[in-house]
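Build the complex: two chains, separate frames, hints provided.
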Amino acid sequence: MEKTIDLTLKVWRQRDRKAKGQFETYNVKGISTDSSFLEMLDVLNEQLINEGKEPVVFDHDCREGICGMCSLYINGHPHGPDSAITTCQLHMRKFKNGDTITIEPWRSAGFPVIRDLMVDRTAYDQIIAAGGYTSINVGGAQDANAVLIPKTDADEAMDAASCIGCGACVAACKNGSAMLFVSAKVSQLALLPQGRVEAARRARAMVAKMDELGFGNCTNTGACAAECPKSVSLSNIARLNREFIKAKLQD
Amino acid sequence: MWLTNSSIGRKVVMSVSGLFLVLFLTFHMCMNLALVFSPEAYNAICGFLGARWYTLALTAVLAAGFVVHIIFAFWLTLQNRKARGTDRYAVNVRPQGVEWSSQNMLVLGIIVILFLIIHMAQFWFKMQLNELANVCPDVNPHDGSYLVISEFKNWWMVALYLVWFVALWFHLTHGFWSALHTIGFNNNTWFNRWKVIGNVFATIICLGFAFVAVALYVQYGVLGWEVPQMAH
Chain Y
125 MEKTIDLTLK VWRQRDRKAK GQFETYNVKG ISTDSSFLEM LDVLNEQLIN
175 EGKEPVVFDH DCREGICGMC SLYINGHPHG PDSAITTCQL HMRKFKNGDT
225 ITIEPWRSAG FPVIRDLMVD RTAYDQIIAA GGYTSINVGG AQDANAVLIP
275 KTDADEAMDA ASCIGCGACV AACKNGSAML FVSAKVSQLA LLPQGRVEAA
325 RRARAMVAKM DELGFGNCTN TGACAAECPK SVSLSNIARL NREFIKAKLQ
375 D
Chain E
8 MWLTNSSIGR KVVMSVSGLF LVLFLTFHMC MNLALVFSPE AYNAICGFLG
58 ARWYTLALTA VLAAGFVVHI IFAFWLTLQN RKARGTDRYA VNVRPQGVEW
108 SSQNMLVLGI IVILFLIIHM AQFWFKMQLN ELANVCPDVN PHDGSYLVIS
158 EFKNWWMVAL YLVWFVALWF HLTHGFWSAL HTIGFNNNTW FNRWKVIGNV
208 FATIICLGFA FVAVALYVQY GVLGWEVPQM AH
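Top to bottom, those sequences are chains Y and E.
In case it helps, my numbering puts the first sequence at residues 125 to 375.
In case it helps, my numbering puts the second sequence at residues 8 to 239.
Extracted from the complex, chain E is given alone in its bound form (with noise of 0.2 Å):
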C-alpha cells in the first residue's frame, strides 16, 4: 500500500489527517464562542452532541484522525533521524526563511497531546464519557458550560490554556501550507498565498479558543457573575 510504503504516502497520511483535525478545530472553535455570549446555546450544543450515536460515530473518526497523525509523526521522525545519520554537525545554523516550528513539529505536536490529555480528563470524562457510562456520578454531564466555567474563572488555567494554543498555534503555522504542499497542491504563485492564508487561519482559530478562554475569566474569575448551573 503506497499510502505506508513510500516516503510521499506517509506524508501524504500526515497531511490529510492533518487537515482533518483543523476542520475539527474550526469546528470547536465556533462551538466555544456561544459560551461567552450565552451559556444556555452552550448547553443546547452539547445537548445536540452529547452521546447520540452520530456523534459517538464522529468521534470514534475523530480518535481515529488523531492516533494515525501521531502515529505516523513518531514513525516518520524516527525513520527522519535514521537518514540523518549517526554523526551530527558540530555547527549548524538555521537558514534564513526557515520556520523555527516546521524545524519542531514533533515538539509543538507533543505539547498540543499532553494539554490534549488534560483536556479530555476535565471536559470529555466529565461530559461524553460520563452520560455513557457515568463514570463521575456528582457531575451533571449535560450542563457543559458549569463544567467550562468553572475552570477558566482560575487564571492559572487560562494561562495554561493560552500556552497550548500558543503551540498550537506554531504547530498551525507550519502545518497547514505543509499539508496542501504535501498533497502536491501548491506552486511558484500559491506558495506564499497559502502561508498567509494559513498564517490568518492559525491566528482566527487561536485568537477564537484564547478569546473564549480570557473572556470566561473576565466574566466569572474578575467581574464576579454568578456561575448559572443547570438543575441537576
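Looking at chain Y on its own, in the form it has when it is part of the complex (with noise of 0.2 Å):
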C-alpha cells in the first residue's frame, strides 16, 4: 500500500562560489515513501519551476549507488541518516510525515561550493592524476593461476577499490581531511602485485597532492569510515601511513 508524508525542507542555497548562501524553507506535499530522496527533490524543483523560481542545483548521475556523483548533508549525516547508502538510494520512507529535514552541501575548503548543493569535487581527479594508477603497460590478460594473490589480499583489494570518490569522507570529517580516500586509492593497488611495484611513488604524490590541495590532517576519529557510502574500512588508512612512512625512510 502506498504511503504519502509531508515534508518541510530547509535547502541551502547560493548563487556561485562567492556569493553568501543561506537557508531557504520549502514545503512538499504527497512526497511517496517508496521514492528515493533524489526523486523528492525534483518534486521539489518541478513544483519551483511551476512557481517561476529557480530549481535547487543538486549533483546526480546513475541513481543506483555506484557512480558517485549525489552528495548532500542531510540531517546532519552524509548521504542521509541511512548507513552504508549513497543518497539517491535513500528512501523516503525513512522520514516520518512532518518531518523538517536540513539539506546541505559538503562543508570543506577543499571542496567549495559552485551552486545551492553542488560543490567542486575536482580535487579528488587531482589527486588521482598525481599517481592513483599503474604506468605499466601489462599487455594482454594472463591466465588467472599465472600470478597468484591470496584471497585475503583480493578481497582488501577489491573493498578498497569500491570507493565511488563521492567525498562523503572529506564533508564528515571535522578536519577537513582526505585520508580514507587517498588510502583507499592507494590500498587497492598496493595490495596487488601489478601495483606494488610503484607503491612507494604513489603514496608520496597522492599525499604531497592531497597536502598541496589543503585537505587536513587526519586525527583517526573514523567519522569517515562510519558515514562512507561503500563502508570502505579504516584500516586502509593505517596502511597509507605505513606505506608512506616507508616510502620517505627509504628516501
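To be clear, the hints were calculated from the coordinates, so they are not data collected in a lab.
In this text, a Cβ means the ideal position worked out from N, Cα and C, and glycines have one as well.
A hint or two may mislead.
[Claimed, not checked] Facing chain E, according to a computed beta carbon distance under 7 Å, are these residues of chain Y, among others:
| hint | residue |
| --- | --- |
| 1 | S232 |
| 2 | N299 |
| 3 | L337 |
| 4 | N341 |
| 5 | N344 |
Set out below in C-alpha cells:
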C-alpha cells in the first residue's frame, strides 16, 4: 500500500562560489515513501519551476549508488541518516510525515560550493592524476593462475576499490581530511602485485597532492568510515601511513 | 623535512611524542605507588632521581617531548580548522562508533596541560628546581613524601586531581590506539585489539594515579596518620 508524507525542507541556496548562501524553507506535499531522496528533490524542483522560481542545483547521475556523483549533507549526515548507502539509494520511508529535513552541501575548503548543493570535487581527480594508477603496460590478460594472489589480499583490495570518490569522508571529517579516499586508492593498488611496483612513488605523490590542495590532517576520529556509503575501512589509513613512512625512510 | 612538511609526517611526530609521554606516565604512576606503602621508599626513589645529571638530561628530553606534542597539536588543529572551511554545518551529528574523545583531543589536552602547570608549581618547583636553584628555601627538596602528603590530605586537592585523571583517561583512550594507527602499526585484525589494549592501559594508569591520591587522603586526611617528615 502506498503511503505519502508531507515535509518541510530547509535547503542551502547559494548563487555562486563567492556569494553568501542562506537556507530557504520549502514545503512539499504527497511525497511517496517509495520514492528516493533525489526523486523527492525532483518533485521540489518541478514545484519551483511551476512557481517560476529557480530550481535547486544538486549533483546526481546514475541513481543506483555506483557513480559517486550524488552528495548532500542530510540532517547532519553525508548521504543521509541511513548507513552504507548513497543519497540516491535513500528512501523517503526513512522519514516521517511532518519531518523537517535540513539539506546542506559538503562543507570543506577542499570542496568549494559551485552553486546551491553542488560542490567542486575536482580536487579528487587531481589526487588521482598525481599517482592513483599503474603506469605499466601489462599487455593482454594473463592466465588467471599465473600470478597467485592470496584471497584475503584480493578481498581487501576489492573492498578498497569499492570507493566511488563521492567525498563523503571529507564532508564528515571535522578536519576536512581526505585520508580515507587517498588510502583506499593507494590500498587497492598496493595490495596487488601489479600495483605494488610503484607503491612508494604513488603514496608519496598522492599524499603530496592531497596536502597541497589544503585537505586537513587525519586524527583518526573514524567519522569518514562511519559515514562512507561503501563502508571503506579505516584500516586503509593505517596502510597508507605505513606505505608513506616506508617510502620516506627509503629516501 | 617530511616530518614537518607532510600531513602524515606531522602526525608521526604527534604519535611518537605521545607514545613517549605515555611511557613517562607509566613510570610516574609506578613510582607513586611506593608512597602509599612506604614514604621512606618514595623518598629513596626521589633521592635517586633528584637533580643528578642523568635526571636533568631525562627531564630535558621529557620537556622537549611535551613541547613538541603541544606545539604540533596546535599547529595541526589550526591547519585542520582551515581545511574545514569557513562555513559550518547547521546540523551535524556525531556518527555511531566515533568516540567523543577523538573529536575533542585538543580540549582534553589543554585541560591536562592546565593541571600540569599547577602540578609543576606544587612539586617540581619545590623539589628538582628547588634542589638546583634553591628557589624555595623553606622547603626540603629531598622530602618528597612530606610535600605530596601535605597536599593530598585535603579532599578538594584530591578531587581536583581526580578531574585531571578523568581528562587524561579520555585523552589516552583515543591517543594510544590512534598513535599506533598513525605509525601504520594497524590492520583489520589489530584494530579492535589495539582499542581494547589502549582502554585497559589508560584505565590502569589513571586508576593507579587515582588510587594513590585517594589512599593518601584516607591515610592522612581521614584516619589522621601523622605525616612523616624528614629531618631538615
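For a quick check of understanding: which of the numbered hints are violated here, in increasing order? Structure breaks hint 3 only.
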